[in-house]
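*Asks:* Residue numbers (this note's numbering), protein chains in the order written: chain A, 1 to 303; chain B, 1 to 245; chain C, 1 to 314.
No lab work stands behind these hints: they were computed from the structure.
Treat the numbers as computed from the prediction; the structure is a model and nothing was measured.
We put the beta carbon where it would ideally sit given N, CA and C, even for glycine.
Don't take each hint at face value.
[Stated by the list, open to error] Residues of chain C clear of chain B, computed beta-carbon distances all greater than 12 Å:
no.	residue
1	Q72
2	K180
3	I252
4	V261
[Claimed, not checked] With a straight-line Cα cutoff of 30 Å, these simulated DSSO-like cross-link-like pairs (lysine-lysine) come out:
no.	chain 1	residue 1	chain 2	residue 2
5	C	K253	B	K32
6	B	K236	C	K146
7	C	K257	B	K32
8	C	K257	B	K192
9	B	K192	C	K253
10	B	K236	C	K128
11	B	K164	C	K257
12	C	K257	B	K236
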Amino acid sequence: MSEEIVISPKTRRMLPAKSMHDSNNRLYREIAKRPGFQVCLVLLGLLIIVAIFAPYISPYDPEAISVRDKNQGISSAHLFGTDFLGRDLFSLTLCGAQTSLLIASVSVAIALAFGCVVGCIAGYYGGVVDEILSRCVDLLLAFPGIIFALALLAFMGAGILNLIIAITISQWAIYARLMRGQVISIKNLEYVQSAYTAGLPDRRIMIRHLFPNAIMPVLILATLDIGHVILSVAGLSFLGLGIPPGIPEWGSMIGAGKEFLRTAPLNVIVPGLAITFVVLIFNFLGEGLRDILDVHKDQVNIG
Amino acid sequence: MSSPVLQLTGLSKSYGHGDIFSGISFEVGSSKTVGLFGQSGSGKTTLGRCIMRIENPSSGHIMMQGMDLARMGLRKLRELRPSFQMIFQHPEVSLNPRMTLAESVAEPLMVHKGIGMDEALKEIAPLIRRVGLRDEHLARYPHQLSGGEVQRAVLSRIFSLQPKLVVADEPTSMLDVSVQAQVLRLMQDLQKETGVSYLFISHDPDVMSVMCDQVLWLDHGNGVMYDRTAFLDRVKTEYTPVAPA
Amino acid sequence: MTLLSVQDLNVRFPSGEGTVHASRDVSFSMEPGEVLGLVGETGSGKSVIGQAIIRLLPTSAQITGKIRFDGQELTSLPDHTMHALRGRSISLVPQNPSGSLDPLVRNGMQIAEIFIERGTVKNTAWEKACALLVAVGLIPSDQIAKEYPHELSGGMRQRLTTSIAIAEHSRLIIADEPTKGLDYHARATTAQVLSDIRTRENASLLLITHDLYLAEHLCDWIAVLYAGEIVEIGPAHQIFTQPRHPYTQALIKAMPKNGLVPLDGQSPSLMAIPKGCCFADRCSCHSEICSKEHPGLIQGSLNGGVRCHHPFCS
Chain A
1 MSEEIVISPK
11 TRRMLPAKSM
21 HDSNNRLYRE
31 IAKRPGFQVC
41 LVLLGLLIIV
51 AIFAPYISPY
61 DPEAISVRDK
71 NQGISSAHLF
81 GTDFLGRDLF
91 SLTLCGAQTS
101 LLIASVSVAI
111 ALAFGCVVGC
121 IAGYYGGVVD
131 EILSRCVDLL
141 LAFPGIIFAL
151 ALLAFMGAGI
161 LNLIIAITIS
171 QWAIYARLMR
181 GQVISIKNLE
191 YVQSAYTAGL
201 PDRRIMIRHL
211 FPNAIMPVLI
221 LATLDIGHVI
231 LSVAGLSFLG
241 LGIPPGIPEW
251 GSMIGAGKEF
261 LRTAPLNVIV
271 PGLAITFVVL
281 IFNFLGEGLR
291 DILDVHKDQV
301 NIG
Chain B
1 MSSPVLQLTG
11 LSKSYGHGDI
21 FSGISFEVGS
31 SKTVGLFGQS
41 GSGKTTLGRC
51 IMRIENPSSG
61 HIMMQGMDLA
71 RMGLRKLREL
81 RPSFQMIFQH
91 PEVSLNPRMT
101 LAESVAEPLM
111 VHKGIGMDEA
121 LKEIAPLIRR
131 VGLRDEHLAR
141 YPHQLSGGEV
151 QRAVLSRIFS
161 LQPKLVVADE
171 PTSMLDVSVQ
181 AQVLRLMQDL
191 QKETGVSYLF
201 ISHDPDVMSV
211 MCDQVLWLDH
221 GNGVMYDRTA
231 FLDRVKTEYT
241 PVAPA
Chain C
1 MTLLSVQDLN
11 VRFPSGEGTV
21 HASRDVSFSM
31 EPGEVLGLVG
41 ETGSGKSVIG
51 QAIIRLLPTS
61 AQITGKIRFD
71 GQELTSLPDH
81 TMHALRGRSI
91 SLVPQNPSGS
101 LDPLVRNGMQ
111 IAEIFIERGT
121 VKNTAWEKAC
131 ALLVAVGLIP
141 SDQIAKEYPH
151 ELSGGMRQRL
161 TTSIAIAEHS
171 RLIIADEPTK
181 GLDYHARATT
191 AQVLSDIRTR
201 ENASLLLITH
211 DLYLAEHLCD
221 WIAVLYAGEI
231 VEIGPAHQIF
241 TQPRHPYTQA
251 LIKAMPKNGL
261 VPLDGQSPSL
271 MAIPKGCCFA
281 DRCSCHSEIC
291 SKEHPGLIQG
301 SLNGGVRCHH
311 PFCS
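Next up, chain A with everything else stripped away, as it sits in the complex (with noise of 0.2 Å):
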């Protein structure tokens, strides 16, 4: 046997070929096996791809005015139509997308990276650090999300980071307190003990073993929440907070269109449906990946 060990970066990847719970094989054989979340995936995909090049593949400028062509159904030249202002509705949905999806995944990100770091360092920490990082928690906590975002919003003033702003704000702290939650339950693991009693600093311990450990709750989460923001958004849209006038935008939409709702409905249908299938895509990718990354329920004893 050799003394030395070569840990080429293809070995140290490398998963041998027999070995029984490849983590990486796993997660596509779990994929494989359900086809409905494969659908989720694709769409997905879509949705991203539209969010990013909506601009280019919108066939009409979604600002274009056109007063005679206004209210009209499904056509050959408007897919879904048009809205009381002749502004081609499927142009406008796609931007709208564009921005739902922007606003939504720029809050849950930072909210998410923000509440993460808050609840490692409490959980981890404990004592007074927790106390005071937890009650600050507890605060926000306290006032229901969407109210919240609206009094900060009044207080800014509309536009698209303000209303970033507000709804990063409410988010994070829910994503706090499941990460306390999720360290605490870790910390006392051997593997963490290890690591504090091998002399590694906190930093690190906390990026590299509590971190990775603990997070898969809390990405599951914020899958979840990604729809949840959207509708929030179009919420404070439809009250004529937050999306300042010019921007395409679903909730803004229905606000706008829904005088119309008798005689031309499309104007709230199109951009309500719209709203209901991001945020149906989301929910099912967030229940599926629970599903996927639940571990044990295979595992037999075989003793």
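Using the hints, position chains B and C against chain A.
*Replies:* Using the frame of chain A, we list chains B and C on its own:
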């Protein structure tokens, strides 16, 4: 005669409603193994954790290399960490599930010497071979390994820091009989080769009598030290075995 | 009449990576009032046998072979008949008692539930439950009955799940690793409880364990399992004093009181059973025939047997 590696004086730990243990005093000599014996709830694990400063003792002294661990600040403690290490009871959670064995084993050395992973692995290659692990083990994740393999990896990780004292908290109680024999013999061999001292915590009298020169018996918070023969005598009187069928 | 007869039991689990052949051609029998130990290490397939008998394996498991209990063929029984048998004629003391006890139900109620479900009045059921607690040594039974599982120690929880298993005076009790995770003292108490049950109830006990101390003190017969098959079976005292199979010999020598002699290597993966004898690559008496030909179970005297080309070798 060389000074003891570890010296406890009057160590106590209480949790408000009562003492877990009190007035514990004993020594562990160089290259020696002292056992901590007791039933579940006797405080032996807590005593081990206090020595490792995972928990803090209420009073008393833990002398190591002339310094009192019990009162030491965290920064100084961290510097001293390589000298005293711990091996735990449950192999299934002893290694980070999201790190390969190579990463787990090399990590302490990487951090303490400030070197990269390849360099660290090269340095501890003989140790990894010594504990009986091969390249294919190193590429795997903990859940792909048996309990015995995990405990070997933990031993190579610990010994990479060249400790003077290792606290072993029931390291083999979750392992099968034949695997237990492998791991315990390996620990004995490593002791002969490196001169490390062990504080061996267990509830199994047979394992204790094989591994330990002396045994501290923890009972209702008090510790009494026995040598091997006296220990076995007390075991015989206190535990009458079940009558054969 | 033989109480339990297992013949050529094979259990396979299809998985994404291949088929796990957890039990291979397992055959043994038990008389009324007898204690048989299925002794083996991790990966030997011993727990699967117990689960197969009581039919609690996952539906993906493929089972072939015969399991006759009290004259009835269990493998072909309809589900509701098996359900009636389970808990009554055959009961299981499961592994990991903490996981089997509902943390929100009082200890007494965990037992009493069984009687209440079968129609007994609550007061009578509670009294019966307290009597069972006394029977397993959990006293004062009134106090313990009112407490919750988390207030008991590991050993006491083990005794509680044991009392649930004997509630219906089962004729066959399957105990799956009853001393796992218990300290020396709790292990001795559990052994005593099981021994008392065997005497008092005249029940047969199928003891699945890797704990050789327990097997030595409790069992009449022992079957040693390796890589899913029985490699040696015989009277308990013979297994310990005159083991025939090299694996059994190695196992006994590995015990701390017998010298802590290590056994190198690992048992083979149940997905890739080697040709020939499974133990060949770890055996000191290994010869050419061992790698080529799979040894059959040679019957010895007294109905014991050993699966080896060179029994009594070392």
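*Asks:* Each hint should be assessed against the structure and marked as holding or not.
*Replies:* Hint check:
no.	hint	verdict
1	Q72	28 Å, holds
2	K180	9 Å, violated
3	I252	9 Å, violated
4	V261	6 Å, violated
5	C:K253 <-> B:K32	25 Å, holds
6	B:K236 <-> C:K146	36 Å, violated
7	C:K257 <-> B:K32	21 Å, holds
8	C:K257 <-> B:K192	22 Å, holds
9	B:K192 <-> C:K253	23 Å, holds
10	B:K236 <-> C:K128	37 Å, violated
11	B:K164 <-> C:K257	28 Å, holds
12	C:K257 <-> B:K236	14 Å, holds
Hints 2, 3, 4, 6, 10, counting from the list given before, are not met by this structure.
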